[in-house]
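> Starting from the known structure of chain A, fit chain B onto it as the hints suggest.
Listed below, chain by chain, are the residues.
Number of protein chains: 2
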Amino acid sequence: MYVFITSMKNVARERLIELGKRLAEQIKNKQNPYFETIVRSKSNIISEQGFLELGNKKEKREFVNIAQAKTFMQTIAVANKLKKFLDEDLHTSIRGLYYQLKYSLGEDVDENLFDEQSESNELIEDLEVALNVKREDFNLTTDRKGVLAGPIKILDKFKGEEIVIDGTKMGRSGWMIPSDVDNNMEIIEVDADYVLVVEKDALWQRLNEDRFWQKNRAILITPKGQSSRGTRRLLRKLADMGLPIYVFTDCDAWGWYIYWTLKTGSINLAYLGKEFTVPEAKFIGVTMSDIDKFPFLKKLTINAKEVDLKRAEELLSYDWIRKYPQWVDELNKVLKSKKKLEQDALQGERLTFVGDYIKIKIETGDLLP
Amino acid sequence: MYVFITSMKNVARERLIELGKRLAEQIKNKQNPYFETIVRSKSNIISEQGFLELGNKKEKREFVNIAQAKTFMQTIAVANKLKKFLDEDLHTSIRGLYYQLKYSLGEDVDENLFDEQSESNELIEDLEVALNVKREDFNLTTDRKGVLAGPIKILDKFKGEEIVIDGTKMGRSGWMIPSDVDNNMEIIEVDADYVLVVEKDALWQRLNEDRFWQKNRAILITPKGQSSRGTRRLLRKLADMGLPIYVFTDCDAWGWYIYWTLKTGSINLAYLGKEFTVPEAKFIGVTMSDIDKFPFLKKLTINAKEVDLKRAEELLSYDWIRKYPQWVDELNKVLKSKKKLEQDALQGERLTFVGDYIKIKIETGDLLP
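Chains as they are written, first to last, in this note's numbering: chain A, -13 to 355; chain B, -13 to 355.
Hints in this document: simulated from the structure, not taken from any laboratory.
Just so you know, even glycine gets a beta-carbon here, dropped at the ideal spot from N, CA and C.
One should not assume that every hint holds.
[Stated by the list, open to error] Derived coverage of chain A by chain B (criterion: at least 3 residues anywhere in the stretch with Cβ under 8 Å from a Cβ of chain B; other residues may be distant):
1) 88 to 96
2) 128 to 134
3) 155 to 164
4) 220 to 227
5) 260 to 268
Excised from the complex, chain A in its bound form (with noise of 0.2 Å):
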């Protein structure tokens, strides 16, 4: 079998390229150096298309320019890091490259820039935005965080070496999402009719025990929590091929946020656009109307807490949300039960419930858009 597999590691080099020629072209013309990207504020965010990106409004990075200098310089200098990963072909964290920084430049590097934990990495999110370059393209790892079985198989060219992964494979756990799903690595067999994608690793582990990927011809993901960029982008993959995505998180705060998030993104990774959502995904529950179908439920709901309501509140408020009644009626039930319901509930009865509420609720269509 032949794989055409793809890296856009050459795209991303030449874009760092032609931006470094771009300044030095500046500074022989005695321009003042600068370059363009994003407005990455919150008046710069659309959500036309279903999901949060950046609208067209651009600005001016300059080097003459006392609230820019510094950063400026620093920006430069990481793009110079960056064509040099891509030149010795290794990959290492943003903690990584503040290192890298800190040694050529000294003191003169600011750590909070490079803070992991951050969500937002002010520098680095300007490089990707005004190249239109996925950091993961730049050899920047991300922290790894979900994990995947079932019916997929995966060739992974790295360093020289094909390995084909098997999800089939795993026995009772999984392989790890790596950070990056897109350079030289393909996914080259699908045998499943949809994407399962459990919030809590319990719950992934109850089905997998149950072979629920095997019987139901699911691919098995859990993101543990909020999803990491590798498992975001691997959902994006997926929904390209035709694979329906389909989202099992608890009836509460959190597990809205991870849902909203996959699917729409948020103001933080607006930026990111199209690449990392999701808009296709469809919602299976817990919800509170469960309790009307499975009455067993209604004895396993448990108190929502303060930030439950008022997360169901916020929600309500979002246009994006506003516009779906389902979602309207479903978070006005938790407002006015002040209940909620969490996914693990559904092993109140019989522990293989579980598996028995997903197929029910994907083949009667029960979904949440």
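Just chain B, lined up with the frame of chain A:
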């Protein structure tokens, strides 16, 4: 090849049945039903063997006792459910167990006693200690977190299927270390000289990219911060096979905590004793003394935070740390300089230095106890 695959599940089941019989006998004899467990409070924690474990102070749990009646009843209900899970050959988490109880007993189950987020799940611990059985042997799953790659083969006999997990065939990522690494799972081949435990996922990815595990015959594991139960158990098992366990963390509060918990356990985990600790583990670094050997690191130190300094002082107050002059020296260096060093800093000069550093430290025996 014939592999003898063991399981503790029958033992666990027998002990639950015994407990039930004993209680029934007591009731028949008109005694106050009770069982004995070992005191888990600080006063009964000893550290004579290089790790924290419980002493032999015992205490009774009684039914006819106003303070204990409800908890006693819940514990027996838990034991009953655990036997059911073993009979059904199905696993669930503590949260799943909670909902099974809530389904049977209604509102009368204390949610907080089954909080997966807390390290201490009183009722389960009571049964683990009283019956000398690990929760994994009771078919309870725990959260997964660590990842492995390298020259190790594991035979996983899971739900009737036998699958060989090959740590050299994980491509750019790894196999997620499962919740239970004991029952029906055997390490069938190890072609490694040691195990390298890397605190941060980013550094694991860096070393995996360099194929460090191949070039240096090492099993590469990241617990991704503090180790999960599964990761702790796996490390204990690998140590039992005679493999040295080398730990590589940041030189800061969190890094030291990860190392010492892995090596000696913690007060909360003392009830687990030897099976979840690796007193033989050695500390590679990073250390403040590394600066003398690798001078480029000097300018890559960063300011220690309050928590780092406080933790260093705390560690210096512990007998089991004060007995090691190297650790005293190391912690004093942090307190004096008010600086810390991250493992990521090793990439400052060149990205591939991380692997060289580890090689040098191990080859020259420059390790802390």
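> Holds or violated: the stretch 155 to 164 of chain A covered by chain B, criterion of 3 or more residues with Cβ-Cβ distance under 8 Å?
Coverage by chain B holds for the stretch 155 to 164 of chain A (10 residues, Cβ < 8 Å).
> In terms of beta carbon proximity below 8 Å, does the stretch 128 to 134 of chain A have 3 or more residues touching chain B?
holds (count 3)
> Would you say the stretch 220 to 227 of chain A counts as covered by chain B, given the rule of at least 3 residues with C-beta under 8 Å?
Three-residue rule not met by the stretch 220 to 227 of chain A, so violated; n is 0.
> Taking a Cβ-to-Cβ distance below 8 Å as contact, does the stretch 88 to 96 of chain A have at least three residues touching chain B?
holds (count 4)
> Verify the coverage statement for the stretch 260 to 268 of chain A against chain B, using a C-beta to C-beta distance below 8 Å and requiring 3 or more qualifying residues.
Result for this restraint: violated, n = 0.
This entry does not satisfy hints 4, 5, going by the numbered hints stated previously.
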